[in-house]
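Novice: Please model the complete structure; the sequences and the hints are all you need to start from.
Chain by chain, the residues run as shown.
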Amino acid sequence: MAMELDVFVGNTTIMDEEVYQLWLDGYTVSDAVKVRMEGGVMEECEASADVLLSDTMDQYRTFQMCERLLYSPAKLANQLLFQIPPHRQAILIERYYAFDDAFVREVLGKKLSKGTKKDLDDISAKTNVTLKSCRRQFDNFKRVFKVVEELKGPLVENIRQHFLLSDKLARDYAAIVFFANNRFETGKRKLQYLTFQDFAFCAGQLINNWTVGAVGEQIPTDHQRSFRFYMDVDLDKEFLQELKELKILITDKDLLDQHKSLVCTALRGKTKAFNEMEANFKNLSRGLVNIAAKLTNTKDVRDFFIDLVEKFIEPCRSDRWTAADMKLYLTHYTNSAHILDTFKHQVVWDRYMGVIKSCIFKMFHD
Amino acid sequence: MPGKLKAKIVAGRHLPVMDRASDLTDAFVEVKFGNTTFKTDVCPKSLNPQWNSEWFKFEVDDEDLQDEPLQVTVLDHDTYSANDAIGKVYIDIDPLLCNEAASVISGWFPIYDTIHGIRGEINVLVKVELFNDLNRFRQSSCGVKFFCTTSIPRCYRAAMVHGFVEELVVNEDPEYQWIDRIRTPRASNEARQRLISLMSGELQRKIGLKVLEMGGNAVVGYLQCFDLEGESGLVVRAIGTACTLDKLSSGSAPNTATHTHPNTAPASNACNSPSKDGKESPLAHGCRSTHNSPVHSACSAQRLSQNFSVSVPTLIFTGMGSGGSAGKEAGPLKTLLRQQTQTALEQREFPFFTLTSFPPGFLVHVGGVVSARSVKLLDRIHNPDEPETRDAWWEEIRQEIKSHAKALGCHAVVGYSESTSICEEVCILSASGTAAILNPRYMREGCLDIGIVDHRFEDPSPPSCGFCHIPYDELNMPFPTQLTYCYHCRRQKVPDVLFTTIDLPPEAAVTGKGCLIQARLCRLKKKAQGEVNATAISNLLPFMEYELHTQLMNKLKLRSMNALFGLRIQISIGENMLLGLASATGVYLTALPAPGGIQIAGKTPGDLSNEHHILTIQKRINDTIAKNKEIYQINPPELTEEVVGSPIPEPRQRSRLFRSHSESSDEVSELDLSHGKKDAFVLEIDDTDAVEDIHSLLTDATIPTGFNSCNTEIMPGIYNWTSAVQMFTSVRVFRLSNANLTNQGLNKIFTDLCENLLKSFYFKLRSMIPCCLCHLNFTVAVPEEELIQVAVTAVAMTYDKDQTQEKPAEKPITKGCIETEEQLQFPMELCADSSSTNTQLSSKISGVQETTNVSSRAASVDYGSFADRCSTWLELLRLKAHTIRRGSVKTSRRTQSLAHSVSSLERSSPVPDGRSRSLRSTRGFGGSSVTVVKMTPLSFLPGTRIIKYLGIINMFFIRETTSLREEGGVSGFLHSFIAEVFAMVRAHVAALGGNAVVSYSMKECVFMENPNKNQAQCLINVSGDAVICVRETDQEPVPSNIGQTCTSETDGAT
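Chains as they are written, first to last, in our numbering: chain U, 88 to 453; chain A, 115 to 1168.
If you are wondering where the hints come from, they were derived from the structure by calculation, not from laboratory data.
Do not take every clue at face value.
As the list claims (entries may be wrong) - From the derived model, a few chain A residues whose C-beta atoms are all more than 12 Å from chain U: (1) 199; (2) 342; (3) 599; (4) 637; (5) 646; (6) 649; (7) 708; (8) 843; (9) 866; (10) 870.
What the hints assert, rightly or not - Restricting the straight-line Cα-Cα distance to at most 27 Å, the calculated cross-link-like pairs of lysine-lysine (DSS-like) are: (11) 122(A) with 162(U); (12) 159(A) with 229(U); (13) 159(A) with 162(U); (14) 219(U) with 198(U); (15) 239(U) with 159(A); (16) 275(U) with 386(U); (17) 121(U) with 213(U); (18) 398(U) with 340(U); (19) 361(A) with 241(A); (20) 233(U) with 159(A).
What the hints assert, rightly or not - Some chain A residues judged to face chain U by a derived CB distance under 10 Å, without partners named: (21) 222; (22) 842; (23) 879; (24) 1089.
On a predicted model such as this, the values are computed, not experimentally measured, just so you know.
Here a beta-carbon is modelled for each residue, glycine too, at the ideal position from N, C-alpha and C.
Specialist: Here it is, written out as structure tokens:
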């Protein structure tokens, strides 16, 4: 029975989580009805296709009306139009801001601009995520980015407060914002094996250790500077400058040899890949220190991950290191530098290597 | 200077962007009451302005306070051009005028614009200082409480039920004034909203005056309706039942008088004194109709079978040319003023009650449904002095109803309601109710059935069956029916089937569960104009009534039930068709005989294939009946039957059957008297139409397991509600595509429409299983040619499945007793003097045996003078009630105080889903400032106790759009409008300090569209009672304590 008009409005807004997901996934009403029919909800409740269609339409309308409230989730709690129990509000928001890893992997590190938005149909075709859903996710990224871009204070906390997201989701969004802001290259073929979660972890490390906000506790006196100081969307420029000092580890021949012998002594007999480690030590060390030294260039910051892969992970992999080997090597590599008498940059070294170590662990897939 | 209204504008939030350049808004607010306007400062460049204005003070008459709404307009300041309106809030300040309702209005209101919908919210604070007015000629009626609830409100006790009050006011519809051609749609909509708000205020005030005049202090079962008559005007009318209510505040018995309106005392004296008007006092109590009313012989002649009395649609054409332009001046409010002197007398001529459920003992016997319809031609111009006014029309219909009731041997009509259906200039006025005999004398011994005395039985007839006993004379029955001795008490005669418009009395003995039964009917009609059209319609009406009745009867029997409650028959006119929809809740009353089956009979017995066909149908019917018995758990105890009294004098029945025979087009029903003890219903198959009918009868979809449905307050067979409640409104419009449809085709479409709606509900609410859809209220309309609109409002309530059938035998009885003590302080026959003279007369009319008089007279003598009786008697009751309260869990909930229950609420177990979160706990939730407001069409919320009524909610909204497609088409448009209406109702309730709306209903939903122009318009009228309710604690820890805590805490709370 085709209705001219057909609405159902509950005093407490009725929402079916399954239909919500279908809506979020960008299904059309008729596709959603098909999926639901296959899901067997009809037999369960003696319903007909008409009933299912009418219900789906009602719910889709409700979601569309809610959508503009979801743009600023805080409004959902004190708007009057829909009476939605708080736990349902939380579900609505969390699901709305959830994203597909496959999709986010494609736009990670890209500028969240109109240009990227135009490419969404390609991404949609590639990832099998509907264009509608791609747009929603992209717009979510952009919206979060815009709001927190200019805010001071810790990034994750800002996202959580403004968008009422769970801690996990807020962290993921922080990673997305951070990547978009620094435009890290993630799309190269060599990086394809890395998942979004790998990057999100690395972003977390960078945010927590390499940004201005990360150092924390520096309460600036004047207002103007506070703006700069509390941002943890950008890397700490002073720190990046200081990283140049690490070059001594590879330019000073004595230091390099000393470092190598210390590491080799510690590693001997503990791993099967010892010979490869010994042979490659200078190469690997040069690689890591050079990455550090170049980070003052924005261009090289963008290539941070690709450099890590090319300069370190790939050589190790070709030498068939295991993850344990990697851990062992990097631990001793980092610690041995402390014993070097002439090496004065211990603090910077730790701050640098701490992040590099955990990033490489995450990025080194067996 | 009787009143000072104070308003303060605090802040706004979520305002729309009015200045594209800055993406901000420079908002300020105008506060208007009557002709006085105040403005706040402009709060520049903010979407969340903080005005924090001073208190704006309006010094006004209380008459204005009642009529006018406070109008709050939010505007965007514009330096160079005119200020743009963002939206408005109308705040009805009536609840503040009654000291027992709300004391302050404070909260966030949605800012509403008729074109854009809700645009942000505004926080407003309103207070009223009322000075006592001793002017006895005053025009205001501040302090009279209004309730939509059609029973005695839960925290009150009826000290008196005075009777019927009605009023109507008329005005020109601004939409049809010449000025509408030059003003914007927004201005026109706002003019209309404002006018209706004014008219409802005025109507309420006038009804209030009548109530004060009668000596009451409240109107219960207040039903207000709009008739949008198009060019001929706008009618706002209301009916209700005037009562004197006492607030139930235990312990403070002597103080009760202070709670009631000062006018109560003198008025009840007036009522008592027979000197005022000999006839008046008994009638004021609405128990007897001793007045001679013009008997329309035609009316009684048309009565159809089984408790169903239908009036001949009397056709009256008002003079087309009359009136002229005399009343055409565009004055502010033209009211249809009736001669005041007559009013006072005439009201009481109608012993009508809009109540649908009563304190135990009130209802003695129920005769059956009485209804009257009348087709009228709307006159183009109103002339208030014309005799053919709307008032006169209703008067006529009420007289008819009264005479029907009389014919049924009843002196009162309960569950009374009125409605209209308008199409172009034709209007059907309908009224219906249930003829009943009410307890003429309240006897505390619980001897409720007068008839028993006659039979000299020792013990009183149980209240569980008394109301089923026939009120009319056995030898002079008003319609053919089969009488048997009551299956419950075996003493009195009962009919085989009982139809009523009231709720099932809570104490009634019921077998199994009930269910919703609907009869649906479409009738094509030729398009016509004026008188021809009206005649055509009035000719069709009796057929429709007959068929609806037959359908109801068949469906009732198919479900093996024998009584209908909450029967509501709606007939809507369209240009080329009439729609009829009858809804009721079917029940198996233990007191009534088991219904016979349905027998199929063929016209041509010789035809073998036909014979076979009939047999299969018969088998299907029998199977369905058996299945239904199982579904509804109808397994009455087997009783040896004795059919008593040959039903009807032969000739009379013959003639009647003959008439119905000739009238009915396709199926014939008659009583098969030859069938032995049980009367089986015979359906004759003589043509394909009849086959269709039977088919449609059998294809009524069964309710999915886990669901129940009814259209009454109480679902028979379910007693253990849990707290989850979901109120909903659903609207569907179907466009008939086929131009040449037959009646049968239309019927099928209409039936499917209704059935599919129900199926949809079951599907959507599946997560609530086991649950019951209560108070399913269907409204049908034909908004345009080829469009059928069905709107439904109902509530889904969950229940505990395990104990469904466990209606503790003790419970209803104890409850009955207590409620008797508490609520039923009956006015009916406190006037001893007049009663003794009148009893004889009335008893003759109502067919009550002579012996009754002896007992009643004796009782009245006992009580002595009124004043004495009143005080001592009430006090005695209160004392008694008090002692009962101490010991019983059931009653203590009423006496519990707010503070007490809130604390126990916090202690109590967490409620799932937040649905049933109550006032206190929600406010504290996670920073959300929005109070959860529950809504229900019922008079209660399961698991909660209403501790305060805050006033009536009566709101009228118009929404219009010129960008229909952009708003998601008609469905998107209406969906958001209904959501907005809910939001505005909730906001107003929350601002009054409430957390729920009970007796909520959507009176009107008029939807018009013009897709070609991308336009649509919708009008919605909703009403209900705003209340504060708290969770009912299941167990009272120390019952003895409660009495004490109450005494101290209730006073603090109220």
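Novice: Would you mind marking each hint as holding or not holding in the structure?
Specialist: Status of each hint after checking the structure:
1. Distance check for residue 199(A) against chain U: the nearest CB is about 20 Å away, which clears 12 Å, and the non-interface claim stands.
2. For residue 342(A), the non-interface assignment is confirmed: its Cβ lies about 19 Å from the closest Cβ of chain U, beyond the 12 Å cut-off.
3. In this structure residue 599(A) is separated from chain U by more than 12 Å, as the shortest Cβ-Cβ distance comes to about 42 Å.
4. Taking the minimum C-beta to C-beta distance to chain U, about 21 Å, the non-interface status of residue 637(A) holds against the 12 Å cut.
5. At roughly 29 Å from the closest C-beta of chain U, the C-beta of residue 646(A) stays outside 12 Å, upholding its exclusion from the interface.
6. Residue placement check: residue 649(A) keeps its beta carbon more than 12 Å from all beta carbons of chain U (closest about 31 Å).
7. Chain U leaves residue 708(A) outside its interface by the beta-carbon criterion, the shortest separation being 30 Å against a cut-off of 12 Å.
8. For residue 843(A), the requirement that its beta carbon stay farther than 12 Å from each beta carbon of chain U is not met, with the minimum near 5 Å.
9. Its beta-carbon lying about 6 Å from the closest one in chain U, residue 866(A) breaks the requirement of being farther than 12 Å from that chain.
10. Not every beta carbon of chain U lies more than 12 Å from that of residue 870(A), the smallest distance being close to 6 Å; the non-interface claim is violated.
11. Distance hint between residue 122(A) and residue 162(U) is fulfilled; the C-alpha atoms sit about 24 Å from each other, no more than 27 Å.
12. A hinted pair counts as satisfied when its Cα atoms are at most 27 Å apart, and residue 159(A) with residue 229(U) qualifies at roughly 25 Å.
13. For the hint pairing residue 159(A) with residue 162(U), the CA-to-CA distance comes to about 19 Å; that is within 27 Å, so the pair holds.
14. With a C-alpha separation of about 20 Å, the suggested pairing of residue 219(U) with residue 198(U) holds against the 27 Å cut-off.
15. Restraint check: the Cα-Cα separation between residue 239(U) and residue 159(A) comes to about 24 Å, which is no more than 27 Å; the hinted pair holds.
16. Annotation: proposed proximity of residue 275(U) to residue 386(U) holds, straight-line Cα distance about 15 Å (limit 27 Å).
17. Between residue 121(U) and residue 213(U) the CA atoms are separated by roughly 24 Å; this keeps the pair inside 27 Å, and the hint holds.
18. A threshold of 27 Å between alpha carbons decides the hint, and for residue 398(U) with residue 340(U) the separation of about 20 Å falls inside it, so the pair holds.
19. Note on residue 361(A) and residue 241(A): the hinted pairing holds, with a Cα-Cα distance of about 23 Å set against a maximum of 27 Å.
20. A hinted pair counts as satisfied when its Cα atoms are at most 27 Å apart, and residue 233(U) with residue 159(A) qualifies at roughly 21 Å.
21. For residue 222(A), the suggested interface contact is upheld, since its CB lies about 7 Å from the closest CB of chain U, less than 10 Å.
22. Because the closest C-beta pair between residue 842(A) and chain U is about 4 Å apart, less than 10 Å, the hint holds.
23. For residue 879(A), the interface hint holds, the least distance from its beta-carbon to any beta-carbon of chain U being 8 Å, beneath 10 Å.
24. Interface hint status for residue 1089(A): upheld, as the beta-carbon distance to the closest one in chain U is roughly 4 Å, under 10 Å.
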